[in-house]
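**Student:** Construct all of the structure, not just a fragment, from the sequences and the given hints.
Chains as they are written, first to last, in the numbering used here: chain A, 1 to 125; chain B, 1 to 196; chain C, 1 to 222.
Derived from the structure by calculation, the hints contain no laboratory data.
The C-beta atom is built at its ideal place from N, Cα and C for all residues, glycine as well.
Certain hints may be false.
Covered stretches of chain B (chain C as the covering partner; in silico rule of three or more C-beta atoms under 8 Å from a C-beta of chain C) [as the list claims (entries may be wrong)]:
hint, stretch
1, 28-36
2, 52-64
3, 69-76
Chain by chain, the residues run as shown.
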Amino acid sequence: MTVDRTTTLLGTAAEAALAVPGVAALQPRRSPRTAAAVASTGTDATPKGTRESGIRADRSPDGPGWRIEVRCILSFEGRRALEIAQNVHDRVRAAVISRLAALDAVERVTVEVTVTGVVTRYDLT
Amino acid sequence: MIDTAVALSPGRGLGGRDLPDGLLAVRAAEGDEEAFAVLVQRHGRPLLDLARCMLGNPQDAEEAVQDAFVSAWRRLPEYRHSAEFHTWMHRITVNRCLTMRHRRPPPLSLDTVAEPAATDAWGQPARSAEQEAATAALVRALGELDTGQRLCWILREVQGLSYKQISHVTRSSEQAVRGRLFRARRSLQEAMGPWR
Amino acid sequence: MAVDEPHAPPPESLGADGTGPKPGAADVPSFADDVVTPCGRLLSRIWEQARDTAQAADPHISSCPHCREAAEGLSAVTAASQALRTGDRPGLEALADRVMNIVRAEVRLGRLLPLADPDRALRIAESAAAKVLRQAADRVPGARAAACRFVPVGDGVDLRVTMTLAAALDRPLPDRIHQVRRSVLRSAGQDLGLAVTAVDITVVDVLEQEPPCRPGLTPGGA
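**Tutor:** Here you go:
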């Protein structure tokens with residue numbers, strides 16, 4: 001049951017993060033073995049909301065609650081990285097709390113956002 | 001307040017195309033993958049030629065050079081710039097080719113090779129079994145040459161560079177280049193003895 | 001080629017009838033393992049004439065049977081290397097794509113830096129921040145960033161940037177450094193939202209303003 005809930009929360013967080021303007025993608029988290037497999041097949045078949053998609057959801061080490069870590073790549077489009085990251089934080093937190101409430105769980109949620117890369121307009125030329 | 005924003009023309013090389021290797025390597029070592037992409041574009045072609053000479057076919061050459069670049073990316077933080085980047089890449093590629101060669105089955109002898117089709121998959125006129133075996137023997141012999149001799153031979157015979165250009169690339173005198181070339185030819189001539 | 005090299009046999013070593021030096025004449029081998037043919041020519045020269053150069057051809061080598069046989073000795077190697085010269089050349093584009101896919105999946109995060117928000121845990125990878133600030137430096141004409149590192153200042157979110165540069169010498173360096181500093185500070189604040197308190201800049205290389213690279217030789221300005 002705990003595994004299902006983690007998966008659910010991963011999916012919720014991923015959806016919320018990707019909906020934030022200025023988020024280009026989540027940072028894929030790959031072992032070298034998987035990276036090589038993707039390179040040889042040339043496709044990226046990682047489902048959203050898994051451990052591989054840049055979101056991590058753990059039970060808080062100190063007391064009840066969840067800790068969500070979001071790793072994302074930003075594209076600027078006139079916004080500051082700081083504001084985009086703040087939006088990601090707030091929206092993911094709201095979405096996860098709302099999801100837990102729907103499951104009759106009221107828990108503390110902390111969110112950490114790490115910007116792992118930026119796509120600038122020079123990358124696109 | 002000074003306005004430091006500058007309009008750029010597309011080919012201006014903000015992506016790094018005009019930066020020297022050493023600078024790109026520093027940036028790539030800090031995680032700048034665009035800088036690394038420029039290095040791949042610059043050095044991929046000569047490294048593919050080198051790998052092809054050591055392994056004998058284009059598919060293996062691609063695999064070796066791909067592994068070499070990925071390995072270089074992972075090791076860039078330790079690269080101390082005591083050698084030039086292209087020299088460092090050359091070394092990594094040669095080592096990768098040598099490792100791959102050790103895993104290959106030995107080349108077929110003349111009597112076990114089936115006669116190939118009239119043209120190969122790319123429509124090039126196919127070579128005879130004997131020609132294939134001769135090239136394989138040459139490639140094997142190239143792999144056993146001293147590194148400097150092999151490089152000079154490839155630059156001269158495969159890439160067609162002049163002595164002056166080779167001495168530039170290898171940072172040695174033309175006399176040294178000629179000496180290595182001569183020794184390489186001697187060794188290869190001996191190895192190709194049966195194919196006279 | 002023959003006139004340039006330091007160890008070329010002097011022209012006077014040719015015999016009076018021009019057919020070649022007498023054995024033991026001044027055609028001293030340049031390489032320790034070189035071989036002198038019965039007619040007094042160096043094997044290295046014979047091979048060089050056969051494979052490397054159309055200039056300063058020694059007419060003796062072209063006509064003498066000993067020399068021609070020696071040149072023939074390379075024919076098997078030359079024939080076998082034909083495939084390496086002209087055969088299928090492996091494609092670079094597909095290879096470059098595969099390499100970059102792997103590289104991007106393994107991107108080095110490096111240290112994580114705090115974004116300027118005391119109430120939320122927001123961080124940016126040093127490599128991502130460095131990329132943006134390097135581009136800010138690059139936007140200054142005559143400047144190209146090399147390394148870009150960050151040092152925390154105090155216990156909070158403040159940071160100090162340490163950058164090395166290649167700079168052109170067409171303007172005074174202090175002016176250029178000043179421009180780069182402004183560009184970097186501005187980008188740190190307006191693009192990223194990093195609390196950068198200082199930017200240390202060291203010029204470590206001269207930027208050559210060169211025309212685009214010619215294909216083929218020595219990339220990197222060597």
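**Student:** Does each hint fit the structure? Answer for all of them.
**Tutor:** Verification of the hints:
1. Coverage of the stretch 28-36 of chain B by chain C holds. Counting CB-CB distances below 8 Å, 6 residues qualify, and the rule asks for three or more.
2. Figure legend: the stretch 52-64 of chain B, annotated as covered by chain C; annotation consistent (6 residues with Cβ-Cβ distances under 8 Å, at least 3 required).
3. With 4 residues having a beta carbon nearer than 8 Å to a beta carbon of chain C, the stretch 69-76 of chain B meets the requirement of three or more and the stated coverage holds.
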